[in-house]
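Starting from the structure of chain A, add chains B and C where the hints point.
Chains as they are written, first to last, in the working numbering: chain A, 16 to 323; chain B, 505 to 894; chain C, 238 to 830.
Keep in mind that the hints were calculated from the coordinates and are not lab data. Treat the hints with caution; some may be incorrect.
To be verified - Quick list of in silico lysine-lysine cross-link-like pairs, DSS-like style, CA-CA up to 30 Å:
1) 487(C) - 500(C)
2) 611(C) - 439(C)
3) 58(A) - 764(C)
4) 180(A) - 557(B)
5) 749(C) - 58(A)
What the hints assert, rightly or not - Label pairs and their calculated CB-CB ranges:
6) 271(C) - 110(A): 40 to 46 Å
7) 306(A) - 555(B): 34 to 40 Å
8) 293(A) - 590(C): 57 to 63 Å
9) 293(A) - 271(C): 43 to 49 Å
10) 728(C) - 275(A): 37 to 43 Å
11) 836(B) - 256(C): 24 to 30 Å
12) 306(A) - 547(C): 46 to 52 Å
Beta carbons are placed, not taken as given, at the ideal position from N, Cα and C, and that holds for glycine.
Listed below are the residues making up each chain.
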Amino acid sequence: MSVDKADAKKLGKTPPLFTPGHLACPGCGGTLALNRVLNVLGKKTVISLPACCFSIITGAFPHMPLNVNLVHTAFETAAALATGLKAGFEMTGREDVTVMAWAGDGGTFDIGLQALSGAAERNEDIFFFCYDNEAYMNTGNQRSGATPLCSWTTTTPTGETMEKKDIMGIVAAHQIPYAATASIAHLDDLDAKVRKGVEIRGTKFIHIFSACPTGWRMPPDMTIKAARLAVKSGVFPLMEIFDGERRVLNYRPEEQTPVREYLGLQGRFSHLTDGEIEEIQRRVDERWGKLVALVDEVRPSEDGIEYI
Amino acid sequence: MKMLMEGNHAVSWGVMLSRVQVLPVYPITPQTHISEALADFVAEGKLDARYIKVESEHSAMAACIGASTAGARAFTATSSQGLALMHEMLHWAAGARLPIVMANVNRAIGSPWNIWNDQSDSMSQRDTGWLQFYCEDNQECLDSIILAYMVSEAVLVPSMVVLDAFILSHTQEAVETPRAEDVDAILPPLDNPNAIDIDAPRAYSPVVAPDNFTEAKFKQFRASEEAISVIEDAGAKFKDAFGRDYPLVTPYMMDDAEAVLVAAGAVSGTVRGAVDTLRGDGKKVGMVKIRTFRPFPAKQIRDILLNVPNVGVLDKSVFPGAGGPIAQEVRASLYNTGKLNGANGGPPKVTGFVGGLGGRDITVADVAGAFKTIIKGETADDPVFLGLKK
Amino acid sequence: MADKKTEKINIPSIADFPEVPSSWGGMLWNETGSWRFAAPLFAERPSPCSTACPLSNSIPKIMHLVKEGDTKGAFELLAWEDPIPAVLGRVCPAFCVVECNRSQYDEAVGIRDIERRLGDDFINSPSPLPRRDKTNKGVGIIGSGPAGLSAAYFLTLLGHTVTIFERENVAGGIPRLSIPDYRLPKEIVEKTVEAITRMGVKLRLGAEAGMDTGKNFDALFVSPGAVVTMALNIEDENLPGVRSGTELLKGVKAGSIKEVRGKIAVVGGGNTALDAARTILRLGGEPVLIYRRTAVEMPAFADEIKEAAEENILMEFLKAPVVVKSTDGGRLSVTLIDMELVESDESGRGRPVPVKGSERTIEIDGLVTAVGEKIDLSPIGYLGNIEGDEKIFIGGDAAGGDRTVAHAAASGKRGAVAIDLKLMGKNVDLPADRPVSFRAYFNGEEKAEAEPVSFDEINTDYFPKAERRRPEGLTPEVRTVDFSEIEATLAPTDSVYEASRCFVCGTCIDCKTCESFCPDFTVRAVKMAGKLGFGVEIDYTYCKGCGICVRECPRGMFTMVDEETIERLGRQDIKGGEKGTTISTDRGEAGDR
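With the rest of the complex left out, here is chain A (with noise of 0.2 Å):
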């Protein structure tokens, strides 16, 4: 079908950091979190990159369609191996290279938390991105920690009974300067807590919700709506922590959805009954009534932005 090779020249003088060519499946919202921050930390970033789907993604010996370092690592290492590079590149001269964890919900909520917490207890100048797809995706759709509650997973097949861990809570304990939530659906307010990131020093930790078609059982081009209305039915808050205290919402809806027009569009909720919609319902308006109660302020994460 197609007529010219994609030719060298398409790349111009600066080569894009993350070029197509990736095997992702369609529709994939890790993608473009990881696109958009890459463009913000720029090329003199490395990424410490536990098992997860980027493993594949990433592409196989002797390729990858990514033109800043990647160093691949087991499963619950992202943040040591982070600390690691971190404390290498400081000792070799090289303080201004940006270091970054990538981690997809298990390689954080979970097998990964214990290096998570170490890193951020001890305030490591490393990025802690967490790209959030509810799963083990990468080996076929397994619950996880970050899992939320009633979701169909080839774990849980009559859906998941336990909440989502709160990974913010748990980060914010460790009282490190900068945590944020952030969204697929809301890039440009990615952008500005990456960009906040870069002027501190210090751990940051940045969990992006990250819906997946693939595995929500949706079709893949509903991955950006999905994400939107997780943050505009309040199941996933855009807030900023400061220092562990600090509480920062970012939006706050005028109206929220029901969260049933959230669950309706994915097939991993589609067993659920009113009942249990109604369970969800109350649940989040309750953590929502407590998220607002707790906060300091509502603001954008920087002036300017919209959420829609």
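Just chains B and C now, kept in the frame of chain A:
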């Protein structure tokens, strides 16, 4: 300068003299004094390094991998449970061809709990692709760190310097500490062309599919084999600089020995003592100390042992179904030689001895008893558990 | 070395294997486009408003420019198709607003209000449009109504010399002569005419075209209007006290009728009837509208009907006059009969039939008939064989078709283009089924047909609900005392606000939503010639067909199509070389109106 110091501190001195740059360490008895001494050196400004108080040994090795990938000289130390915990990352470091050096203080692995000396921890990691050097005394501990960096950085294979818990780690001996500039002369700063270059991005340790994986492993295997000559070269350089020699294997009284006991680590001294005693009684006995266990110096062992009728191997670890690992390797190196030693009409009889598990002392008398069995040339059990309560 | 990023690397021997397992090659050789089973196609699409506009105004683009604060650009775009925006901004039925997609979301965009704002703001300014070099051709125009004015405007831009012959002493046709001031003040029409004559158009008032007129021009555009009032065809409709609505309205506008007293029956349901009734009200009379069908079938414009109801104009539905007589008291009596609707007539509305025996008679002081106007070209028959002469083009109400000022202006535009084709010796058929776009004609652009963007193709997530802002207006109590203009022009800030409510259906405004959300980085916002200057390139070599761009585009620029369609369109427009395998989207404004 000659100083009185315990084995752990000798290791720390070796690390300081090697100008290690990144130190992710996690405490575990009996390695702890290494971490503590290093913390002091860094605090006192004697060692310019980033000391990272990681939250587990697994993370310690992951951080070493990170630092080494970035091109910095990295070191960690551990023992027993800690070494076992980092098992996955030991494979990773070796496969990633990183010149990391680690000190392992030989301690038994649970269950059940035991903090005392045996070789089960390092021996259980013999398949991870790391070079292994077994030290006999504290001087060797200090020197081995420097030598390990020389070798690892040349062949891009990580090294483990092994010392016996308490017997070496916590026992003070006289140790000659080289001058920093003399060490600098034989161990320059690390300049690894494979380390991360910001302007030439690569993906490190990516997925390597079946079409290329064999080659990756072959290169790793080959490098390990080539390490033998690199170890010898480094040893020669070291001897020139400091007058101390560390061959792969060291025979003792082997010219006319008819019975020999092979050993590694501090117990080698005890075995020599027993050899002296038995020689005094007119017995033609000898011993071979193995310093480099990985890569296994098969050729050297073969050359020394092939014509000895009765061989015994002293292991301070035992693995169910396989017996003692050193015995296994010695037997393997003597097989397929196509040579008969004449005396017994076949390759040497090799008897395995297991002793010192979980810190039980091995005395000269124990060793002498072992020699009796070796000379007899036959045993009911194999391996023979020295001093087993009946 | 540049190739390492795009070519697949083969490692035939261990000698080529790096010492440390690491990757260095790129992945551009991996053409992930082969994964997809459907592909997105970007195309400028017509909007329902532009499609409904008789003048094929580029409405979304105009809205966007107003929103961006570029009123000059917006007016210029408007001026390409709309010769009389200040007039149409007041009296066009606003088909655009009816079809506006936003009406299915919250409220339609006040497009006509914005048109009026622009028209008013630039009414004294010179025409911003380029002109063709002067030709040596002269065109005569009969009638200075909207059709004639429009023809004059466009013919002048095409370089021809134009002379308008207007029988009356004022120019402007029905808008100047009949439409009440409270809807369309005289000054607005006068200024509109001035703006056109300023372009170099000669205007001869009080001038009938003469027998020789035809010989003096290379072509004639004949738009005398439909000025013959239709009779009621009832007994004694020629009594004094009975007159046509048109006559009434003209008299009021001319100042010759200053007062109307008593109860006046107005027969009809169209704009003229309502205008007449409301005029009578303002002149002191008591109008009662008599209409043979129901309110639902009234052909008058919806806002007119609404305003009339607000003014409490009495309306009697399903009634028709049968006979009118003089009474002894010097008044009139009219006999009305009830009507009932049976199956529809040709207009699609129920056919009214009298209900036998339901007659009743009322006394009135006057009867106004407003049941329609007929075309009669015979008065100007001396010009020649009007329908057969190739030099003569008929336009406006006189040409048949819809009777609105907008359609008349559109007819003038079509006539100008047809005349130009004839005069320049070009043999091109103008499409009969849709309006002519002057801009496309002038710039030589081809316009492809495409479906207008429907509401379900709009992604409303990007548009917070926003109430419509309307212009200030006089309340019914206040406005019925005189002929002051009822509705003000929309305030400039409100105009910008309204314009920002426009979804901009089918026109790319460079929001870059598609580019931001493409997970394979194959959709790129680019500059393109013409239009608003924005468009998109899709790299089909890698596009996996996820469809996110299709779904997220706020304004329906993308549709999912099959590979065959991409190949078919791609073969025509593919740009190789530097752009690789992209398909240019610079295919003109597909069907944009």
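Going down the list of hints, with the structure as the test:
no., hint, result
1, 487(C) - 500(C), "holds (20 Å)"
2, 611(C) - 439(C), "holds (28 Å)"
3, 58(A) - 764(C), "holds (27 Å)"
4, 180(A) - 557(B), "holds (27 Å)"
5, 749(C) - 58(A), "holds (23 Å)"
6, 271(C) - 110(A): 40 to 46 Å, "holds (44 Å)"
7, 306(A) - 555(B): 34 to 40 Å, "holds (39 Å)"
8, 293(A) - 590(C): 57 to 63 Å, "holds (58 Å)"
9, 293(A) - 271(C): 43 to 49 Å, "holds (45 Å)"
10, 728(C) - 275(A): 37 to 43 Å, "holds (41 Å)"
11, 836(B) - 256(C): 24 to 30 Å, "holds (28 Å)"
12, 306(A) - 547(C): 46 to 52 Å, "holds (50 Å)"
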